[in-house]
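Asks: Based on the hints, put chain F in the right spot on chain V.
Protein sequence lines, in the order shown, are assigned to chains V and F. Residue numbering for the first sequence follows UniProt numbering, beginning at 1 and increasing consecutively. Residue numbering for the second sequence follows UniProt numbering, beginning at 1 and increasing consecutively.
The hints are simulated quantities; they were obtained by calculation from the structure and are not laboratory data. Here the structure is a predicted model, which means the values were calculated and not measured. Any given hint might turn out to be false.
Said to hold, decoys possible - Taking lysine-lysine pairs in the DSSO-like style, the calculated list, with each CA pair at most 27 Å apart, reads:
id : chain 1 : residue 1 : chain 2 : residue 2
1  : F       : K89       : V       : K48
2  : V       : K95       : F       : K40
3  : V       : K48       : V       : K34
4  : V       : K17       : F       : K40
5  : F       : K76       : V       : K66
6  : F       : K36       : V       : K95
7  : V       : K17       : F       : K134
8  : V       : K30       : F       : K40
9  : F       : K134      : V       : K48
10 : F       : K116      : V       : K66
11 : V       : K48       : V       : K66
What the hints assert, rightly or not - Chain F is nowhere near these chain V residues, computed Cβ spacing over 12 Å in every case:
id : residue
12 : N8
13 : I36
14 : S53
15 : R59
16 : D104
Here a beta-carbon is modelled for each residue, glycine too, at the ideal position from N, C-alpha and C.
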Amino acid sequence: MEITTKSNLEVSVVHLKGELDNESSEYLRKNIEKLIESEKVNIVLDFKELSYSNSAGLRELIALYKLANASGGNLKLCALQPQLEDLFSFTNLRKVFDIYQNEDEAVASFTV
Amino acid sequence: MNSLFQDDVITISVASNPRFLTLIRCMVFNTALLLKFSEKISREIMLAVDEAITNVIKHSYNQCYEKEIIVSLHLKNDRLEIHIRDYGKKTDPSCIKSRDLNDIKPGGLGVFFIRKIMDHVEYDTSPEEGTLLKLIKYKTDCGPSPAGGHNGD
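So that you can see chain V by itself, here it is in the shape it has in the complex (with noise of 0.2 Å):
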């Protein structure tokens, strides 16, 4: 999976593209890790590219939006593939996120 990350004051936007599974989410978390280590704690994951989650990928959603949180800061989703539009249909997870049509929505989200 490949992550670009781009910030400005008020919020990080982090790109995934790829596939997110065992292998990749230990990557997501270490990027999201550094973020809220620099104070970056608003954040939005950009699903545009993302083609597949598997349950490791969600267990590691979770798990950074509690962290965000703690940190004072909030984990927002956006552009949400069919695929991963299946798995948060399957759980209760659309009730614990918040998640955008796209990344300017969810920006925008964090100002208002």
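Replies: Relative to chain V, chain F alone:
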């Protein structure tokens, strides 16, 4: 009924290393499409198999990445049967628990997905060594699927 598939079997043997999961996912997804499952259902079957093999690596082989896992896809006219054979610690079906979705915490999601997606899940521990996990997904245009499965939950 289209009888393209009488009892074709595709078998792959891989090491118990998570890096091979991508390969297996690809094989399962494309085989399900070949059997005329929808893209959505094919993605779900792929997820169930991914979760099952992840559990084998984690629990049967205790994260040892050099053991053998054999995955067989049995193409039937009315269903796709997936057999996952390992030679590790035997699975005790009574100890396998799905997660309560009202409890927002990590863990147990894999088993939840397997049971939610597949019509039939059977852990055969009769082999001398290891476990044979049988997963079955019926095609909905071949009559009602047995109890359980995606539409029954």
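Asks: For each hint, tell me whether it holds in the structure or not.
Replies: Evaluation of the provided hints:
Distance check on the hinted pair: K89 (chain F) and K48 (chain V) sit about 39 Å apart at the alpha-carbon level, beyond 27 Å; violated. Straight-line distance between C-alpha atoms of K95 (chain V) and K40 (chain F) comes to about 22 Å, which keeps the hinted pair within the 27 Å bound. For the suggested pair K48 (chain V) and K34 (chain V), the alpha carbons sit about 22 Å apart, so the restraint of at most 27 Å is met. The hinted pair formed by K17 (chain V) and K40 (chain F) meets the criterion: a straight-line CA distance of about 20 Å does not exceed 27 Å.
Of the supplied pair hints, the one linking K76 (chain F) and K66 (chain V) is violated, its CA atoms being roughly 44 Å apart against a limit of 27 Å. Taking the CA atoms of K36 (chain F) and K95 (chain V), the gap is near 33 Å; set against the 27 Å cutoff, the hint is violated. Restraint check: the Cα-Cα separation between K17 (chain V) and K134 (chain F) comes to about 32 Å, which exceeds 27 Å; the hinted pair is violated. For the given pair, K30 (chain V) sits about 31 Å from K40 (chain F) by alpha-carbon distance, which is inconsistent with the 27 Å threshold.
For the hint linking K134 (chain F) to K48 (chain V), the alpha-carbon distance of about 34 Å lies beyond 27 Å, and the restraint is violated. Proposed proximity of K116 (chain F) and K66 (chain V) is supported: the alpha carbons are some 26 Å apart, at most 27 Å. For the given pair, K48 (chain V) sits about 23 Å from K66 (chain V) by alpha-carbon distance, which is consistent with the 27 Å threshold. Non-interface status of N8 (chain V) relative to chain F is upheld: no Cβ of that chain comes within 12 Å, the nearest being about 30 Å off.
Every CB of chain F is more than 12 Å from the CB of I36 (chain V) (nearest about 18 Å), matching its label as outside the interface. The non-interface label for S53 (chain V) is inconsistent with chain F: the shortest C-beta to C-beta separation is roughly 9 Å, within 12 Å. Once the 12 Å rule is applied to beta carbons, R59 (chain V) is inconsistent with being away from chain F; the minimum gap is 4 Å. Every Cβ of chain F is farther than 12 Å from the Cβ of D104 (chain V); the closest lies at roughly 27 Å, confirming the non-interface assignment.
Taken one by one, the earlier hints fail for this structure at numbers 1, 5, 6, 7, 8, 9, 14, 15, listed in ascending order.
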